[in-house]
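Undergrad: Chain A is fixed; fit chain B onto it per the hints.
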Amino acid sequence: MAQMNMLHAINEALSIAMKADERMVIFGEDVGHFGGVFRATSGLQEQFGRDRCFNTPLTEQGIAGFANGLASYGMTAVAEIQFADYIFPAFDQIVNESAKFRYRSGNQFDVGGLTFRTPYGGGIAGGHYHSQSPEAYFTQTPGLKVVIPRNPEQAKGLLLAAIRDPNPVIFFEPKRLYRASVGEVPAGDYQIELGKAQVVKQGRDITVLAWGAQMEIVEKACERAEKEGISCEIIDLRTLAPWDVETVAKSVTKTGRLLINHEAPLTGGFAGEIAATIQQECFLSLESPISRVCGLDTPYPLIHEKEYMPDELKTFEAIKATVAF
Amino acid sequence: MSNAPLTNETVHRVSFLDKASLHIPILRILQADGTTYENAVLPVIDKTLAEKIFDTCVFTRVLDERMLGAQRQGRISFYMTCTGEEASIVGSTAALDKDDVILAQYREHASLRYRGFSTEQFMNQMFSNEKDLGKGRQMPIHYGSRELNYQTISSPLATQIPQATGVAYGMKLQGKRNVAICYFGEGAASEGDFHAGLNMAAVLKAPVIFFCRNNGYAISTPTEEQFAGNGIASRGVGYGMHTIRVDGNDMLAVLAATQQARAHAIEHNAPVLIEAMTYRLGAHSSSDDPSGYRSKEEEAKWQQHDPVKRFKLWMINKGWTSEADEAKLFERYREEVLAAVKVAEKLPIPKLDEIIEDVLDKPTPALRKQLKELKEHINKYPKAYPKSAGRL
Numbered sequence: 001m002a003q004m005n006m007l008h009a010i011n012e013a014l015s016i017a018m019k020a021d022e023r024m025v026i027f028g029e030d031v032g033h034f035g036g037v038f039r040a041t042s043g044l045q046e047q048f049g050r051d052r053c054f055n056t057p058l059t060e061q062g063i064a065g066f067a068n069g070l071a072s073y074g075m076t077a078v079a080e081i082q083f084a085d086y087i088f089p090a091f092d093q094i095v096n097e098s099a100k101f102r103y104r105s106g107n108q109f110d111v112g113g114l115t116f117r118t119p120y121g122g123g124i125a126g127g128h129y130h131s132q133s134p135e136a137y138f139t140q141t142p143g144l145k146v147v148i149p150r151n152p153e154q155a156k157g158l159l160l161a162a163i164r165d166p167n168p169v170i171f172f173e174p175k176r177l178y179r180a181s182v183g184e185v186p187a188g189d190y191q192i193e194l195g196k197a198q199v200v201k202q203g204r205d206i207t208v209l210a211w212g213a214q215m216e217i218v219e220k221a222c223e224r225a226e227k228e229g230i231s232c233e234i235i236d237l238r239t240l241a242p243w244d245v246e247t248v249a250k251s252v253t254k255t256g257r258l259l260i261n262h263e264a265p266l267t268g269g270f271a272g273e274i275a276a277t278i279q280q281e282c283f284l285s286l287e288s289p290i291s292r293v294c295g296l297d298t299p300y301p302l303i304h305e306k307e308y309m310p311d312e313l314k315t316f317e318a319i320k321a322t323v324a325f
Numbered sequence: 001m002s003n004a005p006l007t008n009e010t011v012h013r014v015s016f017l018d019k020a021s022l023h024i025p026i027l028r029i030l031q032a033d034g035t036t037y038e039n040a041v042l043p044v045i046d047k048t049l050a051e052k053i054f055d056t057c058v059f060t061r062v063l064d065e066r067m068l069g070a071q072r073q074g075r076i077s078f079y080m081t082c083t084g085e086e087a088s089i090v091g092s093t094a095a096l097d098k099d100d101v102i103l104a105q106y107r108e109h110a111s112l113r114y115r116g117f118s119t120e121q122f123m124n125q126m127f128s129n130e131k132d133l134g135k136g137r138q139m140p141i142h143y144g145s146r147e148l149n150y151q152t153i154s155s156p157l158a159t160q161i162p163q164a165t166g167v168a169y170g171m172k173l174q175g176k177r178n179v180a181i182c183y184f185g186e187g188a189a190s191e192g193d194f195h196a197g198l199n200m201a202a203v204l205k206a207p208v209i210f211f212c213r214n215n216g217y218a219i220s221t222p223t224e225e226q227f228a229g230n231g232i233a234s235r236g237v238g239y240g241m242h243t244i245r246v247d248g249n250d251m252l253a254v255l256a257a258t259q260q261a262r263a264h265a266i267e268h269n270a271p272v273l274i275e276a277m278t279y280r281l282g283a284h285s286s287s288d289d290p291s292g293y294r295s296k297e298e299e300a301k302w303q304q305h306d307p308v309k310r311f312k313l314w315m316i317n318k319g320w321t322s323e324a325d326e327a328k329l330f331e332r333y334r335e336e337v338l339a340a341v342k343v344a345e346k347l348p349i350p351k352l353d354e355i356i357e358d359v360l361d362k363p364t365p366a367l368r369k370q371l372k373e374l375k376e377h378i379n380k381y382p383k384a385y386p387k388s389a390g391r392l
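Sequences listed follow chains A and B, in order.
The first sequence begins at 1 in UniProt numbering and counts up by one.
The second sequence begins at 1 in UniProt numbering and counts up by one.
Extracted from the complex, chain A is given alone in its bound form (with noise of 0.2 Å):
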């Protein structure tokens, strides 16, 4: 185990899987010998060669279709998309043809190895458009899964099963912690299961449910919790698509209430899925409304970030008034 950021351990797990698989081509604007605006390719292109890791123009629905194509003659094909809030011009190369790959030409062609990374949310004073987290609009596209890490270690391992999923996966990484969050990650090549939640933490009274850079918030909004009593259990949903309903009704059966935090709006967020989805699996199990803790429904705000922010003041307030309800 070495200590390293969450750069770090992407950039090792690119560098992994180039090395088992030579069909990866790891491509993006910037990404070559720069090693892409955050660093997360840097020194592929040294070690891999500018065949495998390389520039593109400055065209995000060509890169979206470039991998497409790649991916359909069979290559794994690794895509950066340079922020998140850059993906839109490549919607349609995602929702129409990547996701639809597989369905329209029943199973005969598929875009399988194909992975788009991409940073996404805010707190890096970003303003509009280096902040947004734009994961719901893509969950409601059948065909593809969505994945979000919340450290080194988690990232490394779940990159790594994105890229050998059979399945075209966008993976979105929370630049907030590009370097900020530091920690223990395992030397060598190991998968996280995609579509499995995990309990961070255990409790009784109430369910925590976060994914990527908001879990380092709950976790300290439950630490403030448990000092006045509550126990919390914390979830790491880490797949948004296809999300893992039975481990969250599990942890809500048992504790009777459940927390949903998310950066993104809260009108048509992620959390309105879960919440209409529990609901339905425990609704005699529920002791109070379940409570969403987001950002606003305002496009991302540069100098009131800090107010915007489903932070740990809010969440910590809102689990109170859950459990008091």
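Calculated directly from the structure, the hints in this document are not laboratory data.
Among these hints, one or two may not hold up.
Each computed DSSO-like pair below joins lysine-lysine, with the alpha-carbon atoms no more than 27 Å apart [to be verified]:
{"no.": "1", "chain 1": "B", "residue 1": "176", "chain 2": "A", "residue 2": "19"}
{"no.": "2", "chain 1": "B", "residue 1": "205", "chain 2": "A", "residue 2": "19"}
{"no.": "3", "chain 1": "B", "residue 1": "383", "chain 2": "B", "residue 2": "369"}
What you are looking at is a predicted structure, and each value in this text was computed from that prediction instead of being measured.
TA: Positioned in the frame of chain A, the structure of chain B alone reads:
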């Protein structure tokens, strides 16, 4: 190495370029009477290849005529013909190797036929029956065949263009001596994916042939309302790729251009753009009525440039076919298509269980639950779901 244009020749008074600055000739080999132009350099073609091309054209004519009729009778929901564009489609496909991958727009079923798609397979797709390779999931004419290296059609326009670049880049990395060919119309060339795909192919050196069927209309929109430049070909030069404009109704010109484009693409790991000037003689689709946007006179003028007729005359001149042979071929395919319709339309639709397959590699628990609930519902109201109720 950046900004190489700074080393250009310099001038010292303002002088603009315009679309006429780029001289783009049109390649034409066959004359209307089926003779070739003097000094024309012919493609590589023998009797066997010519017969296969002609056979494909006749089949396609019959298929289009009969299936448009079947649509009018309400037997299938939708249809698109490629009438008038057979030389562009078949002539280009005939220049390829069977392992070259075809990414088509939707009007290129003649190309799929050339590769060997059977009459029965066409019908199974159009009738969405249980033998359809696409499992009844897409509208008629959205064919695909892994076996024949013909990627499944998707309705959104131009999405196949950057994909073709990706396929070709994969071929290059795998050391194949193959190309991807990407078909699209001049209307689709206005989509962002066109720019993205061509630019990436040129920059990343992908062996792909971009084949534009400039057929005059995007549904109702004529080319003068689609672009103001010198056709689509002028753009290829702008992206830095070998480019040629051909008479798209001239089978030999299309074949020659595509044969040489293929050789260039493989030799240099480079894309090539072919702009084929042609005309969509039929409607855009069975849902379209061209009388709302173009004249009968215009259509009649283009009827005189019928690409299949021109090629037939060349073959007759060579002694490789005759009017009588052609009539027999038409007759044979009319019977074959009619018989295939009768079989395909009676086959049941795919089983309901297939509705949740191939979304991902394996159905998720949530999907299996949804299917179970759907079946329970259908069992409760079987008459409302007659195609599935009897075979759950």
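Undergrad: Taking the hints in turn, state whether each one holds.
TA: Hints, one by one, checked against the model:
Distance hint between residue 176 of chain B and residue 19 of chain A is fulfilled; the C-alpha atoms sit about 22 Å from each other, no more than 27 Å. At roughly 24 Å between alpha-carbon atoms, residue 205 of chain B and residue 19 of chain A fall within 27 Å of each other, so this suggested pair holds. At roughly 23 Å between alpha-carbon atoms, residue 383 of chain B and residue 369 of chain B fall within 27 Å of each other, so this suggested pair holds.
Comparing the model with each numbered hint stated earlier shows that all of them hold.
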